[in-house]
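Undergrad: Here are the chains, one letter per residue:
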Amino acid sequence: MKLKLRFSWDTSILIILAVVWVAASLTTDNFLSSINVSQIFSNTSEITIMAFGVIFLIILGEIDLSVASILALGSSMLGWSYAKGAPIWLAIIICMAVGTLCGFINGWLVTKVGLGSLAVTIGTLALYRGIANGILGTNTINEFPEFWTGFGFDTIGTSFIPQSLPVIILFGIGFALLLHNTPFGRRTLAIGQSPEAARFAGVNVVRHKIIVFTFTGFMSGVAGVIYTFRFSTAQADNGIGLELLVISACLLGGVSIFGGIGTIWGVIAGVLLAGSVESWLTLREINAQWRTIVTGILLLISVAAPVLINKAKAAKVRAENKS
Amino acid sequence: MAQKGDLLLQMKGVQKRFGGAIALRGTDLSIRAGEIHALLGENGAGKSTMLKILAGVHVNDGGTISIGDKPFTTGSPQASIEQGIAVIYQEPSLFLDLTLAENVFIGRQPMKGVAIDWAQAQSEAARLFAELGVPLDPKRQARGLSIADQQVVEIAKALSMNANIILMDEPTAALSASEVERLMTVMKSLKAANKAVIFVSHRLDEVFAISDYITVMRDGATVSENPVGGTDLQKVIKEMVGRELTELFPKTENKIGDVALEIKDLTNPAYFRNISFTVRHGEIVALAGLVGSGRSEVARAIFGIDKYTTGSVKVNGKDLAKGSPVAAMAEKIALVPEDRRQQGLFMIASVNRNISMESFDRIKGKIFLNFKKERALTEIWREKLSIKYEAQSNPVESLSGGNQQKTVLAKWLATDPDILIVDEPTRGIDVGTKAEVHKLINAAAGEGKAVLMISSELPEVLGMADRIIIMREGHKVAELSRLEATQEKVIAAATTGSKGA
Amino acid sequence: SAATKLKIAHIPKLGTIGYFQAAEVGVQRACKELKATCAYKGPTEITAAAQVKEINAAVQGGYNVLIIAANDKDALVPALKAAQKKGVTVVTYDSDVAQAGRSVFVNQASSEGIGNALADSAAELAGGEGDIAVLSTTPDATNQNVWIEFMNKRLAAKYPKVKVVATAYGLDKPEESTTETQGLIQKNPTIEAIVAPTSVGIVAAAKYVSGSASKGKVFVTGLGLPNDMKTYIKDGSGAQASLWDVENFGYVAVQIANSIRNNKQSVKVGAVIKSAKGDKGVKSRKVIKGAVGNEVLLGPATVFTKDNVDNYNF
Amino acid sequence: MNFLSRFKPSSREGSLGLILIVTIAITGIINPRFLTGDGTRDLFTSTAVVALLAIGMAPIIIMRHIDLSVASTVGLTAWFIADLCAKHPEFTWVQCFIIGPIIGMVVGVINGLLVAGLRLPSLVVTLGTLYIVRGAVYVISNSVDYNAQEMPPSLLDLGQKVYFGIMPFTFLLVIFAMLITAWFMKYRKAGRDCYAIGSNPHAADLVGIKVFRRTFLAFVFSGAMSGLAGVFYLMRFAQVDSTAFYGQELAVVAAAVIGGVTIAGGSGTTVGATIGALLVQTIQGGLAAIGVDAFWKSAINGLLLIVAIYADRTLARKSENALLAQRIKERA
Ligand SMILES: Nc1ncnc2c1ncn2[C@@H]1O[C@H](COP(=O)(O)OP(=O)(O)OP(=O)(O)O)[C@@H](O)[C@H]1O
Ligand SMILES: Nc1ncnc2c1ncn2[C@@H]1O[C@H](COP(=O)(O)OP(=O)(O)OP(=O)(O)O)[C@@H](O)[C@H]1O
Ligand SMILES: [Mg+2]
Ligand SMILES: [Mg+2]
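Protein chains in written order, with the numbering used here: chain A, 332 to 654; chain B, 7 to 507; chain C, 10 to 323; chain D, 89 to 420.
Honestly, the hints are just simulated from the structure, not real lab data.
Any given hint could turn out to be false.
What the hints assert, rightly or not - As a list, the in silico EDC-like pairs of lysine to aspartate or glutamate whose alpha-carbon atoms are at most 20 Å apart:
1) C/Lys167 with C/Asp140
2) B/Lys328 with A/Glu616
3) D/Lys417 with B/Glu479
4) C/Lys90 with A/Glu527
5) C/Lys90 with A/Glu477
6) B/Lys370 with B/Glu385
7) D/Lys277 with B/Asp123
8) C/Lys82 with A/Glu527
9) B/Lys313 with D/Glu408
10) C/Lys224 with D/Asp126
11) A/Lys642 with D/Asp293
12) C/Lys243 with D/Glu238
13) B/Lys324 with B/Asp264
14) B/Lys241 with B/Asp271
15) A/Lys443 with D/Glu408
16) C/Lys14 with A/Glu474
17) B/Lys257 with B/Asp271
18) B/Lys390 with B/Glu337
19) B/Lys324 with B/Glu337
20) A/Lys443 with A/Glu527
21) B/Lys313 with A/Glu527
22) D/Lys249 with C/Asp244
23) B/Lys445 with B/Asp422
24) D/Lys274 with B/Asp123
25) C/Lys315 with D/Glu238
26) B/Lys270 with B/Glu259
27) D/Lys274 with B/Glu130
28) D/Lys277 with B/Glu88
29) B/Lys145 with D/Glu238
30) C/Lys226 with D/Asp126
To be verified - Take a look, some chain B residues computed to stay more than 12 Å from chain D by CB distance:
31) Glu268
32) Lys328
33) Asp367
Beta carbons: idealized from backbone N, C-alpha and C, even for Gly.
Extracted from the complex, chain A is given alone in its bound form (with noise of 0.2 Å):
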């Protein structure tokens, strides 16, 4: 029954994703243009980066409204070093140990301390953000070298495929690999199913989840980075509001909300959902509170088509059954 509805709500997120594919394309003339394309790739880059993390979380039954907040702390710290003197590179291990710390703090006060991720996070979400603000005040940093500052905006070579998508790709089937076909995906699985019966299969819970939130910190830090060097910007309100995107994008992927559910891929059709929706209201002119709009609409068909779908077979079944 439930693989079933797994099942479903993958395929139903993919089969929406084609039908918005077709239908873009038929209605608008540059849709599938390489620079519209490059765009719904460079558009969502940050959101898959920080829904890599994210979904590792919300597996394990955890969730963090932080990520965006440490985006803002790393991409501040990434401005304030560089304009400290700092040389690039270290600006942006700067920004990614930040994201990593800001994470691992975010893990040590769930297990460690034992409260609640959600709580805690939201206390996060401020304090992080507050931190970039308090260190930037109303500074900007927005003198980068450009080579850096192409990265993600700019196309490889005069092919459609933005610089940032290789490091999506590569990220993407990393973290798939790691969920899907080792035993730390699998333990990660298993914790979020039933914590307890984990314990009891000598996981070691509080380890694990300390890992997962640091790691999610980094990949916040990574998100960073890119932010920073797309917009050519490090702020304090760098990324503000993220944090519900991300977590659209993993629900929208069909990761349940209550734990031990959830593939990559899904995510990712998810996130690519999302963006290429938006696309093409843009591209047709339709304004942005319709978008709004359609993207609410678009989540609620998503968790509701696969339901609906088995219900239908299920009473079929069931006339079959009585026959």
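We have chain A; now place chains B, C and D with the ligands onto it with these hints.
TA: Just chains B, C and D with the ligands now, kept in the frame of chain A:
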């Protein structure tokens, strides 16, 4: 009010399919007032499915059911409750955040005017617990209750409903002798009040002690229905399993080696104090005692699930780090926990994922898991324990209770442990397979493994163990060798043993 | 070559607030005169990222003029540069981006003029001496910070007895602005006026004061829309507000874009741009050197008092 | 006496109350004006909207669900009422108090049907309706906004009304709602069903609880409270545009969670949720009253939130330990 002997419930040709699997292929059952009716069958025979149809959890695909002279309304637990049916499910499902009193009376709380009368609910619950001989605090939260105590609350809940037909799906699986006796007294009084009880159990001695009728099922169909006088143990077993079973506890004499596990003065003041014993290679040591005597807690402490305050655990002479199942597993200790749903299994995960969970080393290449090896591993254990499922990729929650228990055993035996701790290993397992499990445990001991077995079933304890350690209220009260041990001695020690021992 | 047909995208900071809606009225008026195609592409959140998406989409959609009130002075520049490379004319208004991202900036009024107006109004409300406080938007809002700086200069020079004792930030949200106003008054019992150079903050402050024990003791002034402020200007709490002609703002921005694109008008510092008919009597506008680069001034702000506020409807 | 003891907060709410009082006291010591009539009144006024929403949300979280659409619903009702009042100058506060909850209930009915009827995960559903409802306000409002002059004076006057110098009318209603729901959740079967459903949804089905009805009504109730909160919003700010109350849903969840309503379902009370809302607002108002450096404010706010959760957790552990000690005694 029904008269004794009135037909209360009749099921005819009842069918049920789950996807491709056929659980019931036309089962008959008729129950009369003032009768205790046992429903027997192998694991997966369809007993729980029958009861769940009556409980309104499942809807039958075919056949007819009538309650008294009215057709039975299927489809919702609520409808069943309204038709006078109360259920004790095989798997207790309490509201862990609520108090015990609330768990008993949820949805039927006594009212005073417009408000719930909490005082009355609590005193009523306390009365029910006392009747069952387990004085639980009705104001206590259900969280943290042992599986046996949970079962007691479930029983109290069913009794409080004041129903005409009471379905009991393995209510005694988690209980020890004295609670079972209390429950039997309660069942008899229900019978005297002209109610009907359907009783499912794999403990056949109990069945013969209390039932009036015995219906045996096999592969989803009724095989026989007899008054208890009209049949006997061997016949029932043959009808269930399809073959003769000569020996239930096939004890073999093993070569006993050095001390493998040494427990010294283990104390966790809330649960047990100064527990010392050893288990040697090739030896089976049983921990006996009443429900709540703290046996499971000792096992949990050894395996590192809980921390203990003082004392030590030594494995082959080396100290074992406390509070770390990872360390325990590194020393090749395995613990088959008592609560399969919460502790033993990942219910929504597939059968093969459950079985491979502790054996990644066996199914792993350099970095990645090898799914082929994983399937092969599952297949091996399906054969060894004759686990019944439709496909490896099905979630374990779709397995019957007994087959779930086998899966838990399989996943731990698959780790090939040196020290095997089993907590109620045969809970809910049918007679045929029980013998298989006992053989497996014996074989493990034969290979030189040390086995620590917790069991509430006395025949199992007496039949299997080389030594028996008896606990009472968190203290070790006696240690008996295989030759010394008798049923009377064990019960006496468990109920009245002096704590100083 | 013949004048290209204008296809104008108007990208405000936020699509959903009255201020930019008023500017859009002016944009439409100019579009009608120029027979241009116009689209209002207001994002639903006040971020640079949202504007970047709108910019990219507009370029792809074949728009050749962008009228933008920027949410960030730097973050939009890469996208705007790319747009300009494709031949799109970019004019910023209300809040600027770095020089490289646009042809010219239409400034509401000289920052100094606004600062002075704020200082004068505050000093008047405080009775020429005493403590005052500032309620701004965010700590890093470029416009507000420049205005506050000029206000402070004017106060120091002309009203040495008027002291700014505190500055708070209401993030342009009613909730935060109200909390901050409460905080300002609690923390600084001596203040006599609150200066809020933001159309959201000023209403929140005025509303709070009008219903608190401070009514008649603390006066609110700043930049605000007349419709928003009417109630508090007239209800005896003695609030004031000032603002430039927002509707004309949009109009002028479009007309200047047209001059650049179709009339080859130079926008170097010192150049003079002939005004369009509908520019409320202004004959020509001069390109001057502003804080970031070349800019054109819209015109002075109007101070709304209880005597004149009913004459305005935006 | 007996009546009073019914509302005696359990130790959980007690410990929260303690933390609240300590927080208020610290702020008061640093800036005594925080405790003056105006200061206390402001605290209550500014908490009213979030507290009302937290009271509406509590039963939902107790049932192991969540309602993220509340902030959008506040925006929708606030704008709608202002629009109606602008078009019908004869409207008074009475119409507003009737129309508000009705609009909110419409959203609640939609959420309820999807969550309870189809058994969809509420987080996804209400995240969806969060976007849809907000988008609807954007589209319907067409960027028109309303100010004090368009609103019924009787409504705004009511918003200014204060009893005993410190108790605003709106917060009085909040207390009323809190007590009614607290009583209902403790002393009515329907209320207890909520706890059971959140504690073990599967078992709730087995014991015959009307899961659909309870879940559905909880969402309708939350919708109604959001609608009422929309009216409160107008009474407080006397201005509204389509972005009103944007993004505040997490603040409501935070209030409830800090107030001891556990996200995992099965426990919590509306009294706790209200105290949680007060605590969050005290921290925010306190920081403003102390005059913390604007740049660091959000950081300190976040830090204090974590400290508050930590303190609460520590106090809760104390009572767990007491239980354990009792057990140890029994076993000895
Ligand atoms: N929800 C379900 N989905 C799919 N198959 C099921 C489901 N429930 C039961 N089954 C299957 O139906 C068959 C009968 O199961 P049932 O639980 O009735 O057995 P049982 O007689 O109670 O066994 P046990 O003694 O082990 O409890 C089994 O093969 C089981 O796997
Ligand atoms: N976390 C807990 N909090 C409070 N009481 C508990 C907790 N865990 C167990 N108990 C109680 O401690 C007692 C000992 O339970 P335990 O599980 O050790 O019994 P047992 O001897 O192993 O019996 P069984 O074999 O039936 O499980 C029981 O009364 C149980 O209800
Ligand atoms: Mg069964
Ligand atoms: Mg036990």
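Undergrad: For each hint, tell me whether it holds in the structure or not.
TA: Going down the list of hints, with the structure as the test:
Of the supplied pair hints, the one linking C/Lys167 and C/Asp140 holds, its CA atoms being roughly 15 Å apart against a limit of 20 Å. For the proposed pair B/Lys328 and A/Glu616, the alpha carbon gap of about 65 Å is over 20 Å, so the pair is violated. Pair hint D/Lys417 plus B/Glu479 holds up; C-alpha atoms about 12 Å apart against a cutoff of 20 Å. Of the supplied pair hints, the one linking C/Lys90 and A/Glu527 is violated, its CA atoms being roughly 56 Å apart against a limit of 20 Å.
Only pairs whose Cα atoms come within 20 Å are accepted, and C/Lys90 paired with A/Glu477 is accepted, the gap being roughly 13 Å. Taking the CA atoms of B/Lys370 and B/Glu385, the gap is near 17 Å; set against the 20 Å cutoff, the hint holds. For the hint pairing D/Lys277 with B/Asp123, the CA-to-CA distance comes to about 11 Å; that is within 20 Å, so the pair holds. With a C-alpha separation of about 52 Å, the suggested pairing of C/Lys82 with A/Glu527 is violated against the 20 Å cut-off.
Distance restraint check for B/Lys313 and D/Glu408: the Cα-Cα separation of roughly 17 Å lies within the 20 Å cut-off, and the hinted pair is therefore satisfied. Distance hint between C/Lys224 and D/Asp126 is fulfilled; the C-alpha atoms sit about 12 Å from each other, no more than 20 Å. Restraint check for A/Lys642 and D/Asp293: the C-alpha separation of about 18 Å stays at or below 20 Å, so the hint holds. Between C/Lys243 and D/Glu238 the alpha-carbon distance is near 14 Å, which keeps this suggested pair within the 20 Å criterion.
For the hint linking B/Lys324 to B/Asp264, the alpha-carbon distance of about 13 Å falls within 20 Å, and the restraint holds. Annotation: proposed proximity of B/Lys241 to B/Asp271 is violated, straight-line Cα distance about 48 Å (limit 20 Å). Using a Cα cut-off of 20 Å, the hinted pair A/Lys443 and D/Glu408 holds, with the two alpha carbons roughly 17 Å apart. Using a Cα cut-off of 20 Å, the hinted pair C/Lys14 and A/Glu474 is violated, with the two alpha carbons roughly 36 Å apart.
As the CA atoms of B/Lys257 and B/Asp271 are separated by approximately 31 Å, the hinted pair breaks the 20 Å bound. The straight-line distance between the Cα atoms of B/Lys390 and B/Glu337 is roughly 25 Å, outside the 20 Å bound, and the hint therefore fails. Proposed proximity of B/Lys324 and B/Glu337 is supported: the alpha carbons are some 10 Å apart, at most 20 Å. Between A/Lys443 and A/Glu527, the direct Cα distance comes to roughly 17 Å. Compliance with the 20 Å bound is thereby established for this hinted pair.
Between B/Lys313 and A/Glu527 the CA atoms are separated by roughly 15 Å; this keeps the pair inside 20 Å, and the hint holds. For the suggested pair D/Lys249 and C/Asp244, the alpha carbons sit about 17 Å apart, so the restraint of at most 20 Å is met. Distance restraint check for B/Lys445 and B/Asp422: the Cα-Cα separation of roughly 16 Å lies within the 20 Å cut-off, and the hinted pair is therefore satisfied. Note on D/Lys274 and B/Asp123: the hinted pairing holds, with a Cα-Cα distance of about 11 Å set against a maximum of 20 Å.
For the proposed pair C/Lys315 and D/Glu238, the alpha carbon gap of about 17 Å is at most 20 Å, so the pair holds. A hinted pair counts as satisfied when its Cα atoms are at most 20 Å apart, and B/Lys270 with B/Glu259 does not qualify at roughly 27 Å. Restraint check: the Cα-Cα separation between D/Lys274 and B/Glu130 comes to about 19 Å, which is no more than 20 Å; the hinted pair holds. The suggested pairing of D/Lys277 with B/Glu88 holds, with an alpha-carbon distance near 17 Å, which does not exceed 20 Å.
Distance hint between B/Lys145 and D/Glu238 is unfulfilled; the C-alpha atoms sit about 56 Å from each other, more than 20 Å. Between C/Lys226 and D/Asp126, the direct Cα distance comes to roughly 14 Å. Compliance with the 20 Å bound is thereby established for this hinted pair. The Cβ of B/Glu268 sits about 24 Å from the closest Cβ of chain D, beyond the 12 Å cut-off, so the non-interface label holds. No beta-carbon of chain D is positioned within 12 Å of the beta-carbon of B/Lys328; the least distance is around 18 Å.
For B/Asp367, the non-interface assignment is confirmed: its Cβ lies about 33 Å from the closest Cβ of chain D, beyond the 12 Å cut-off.
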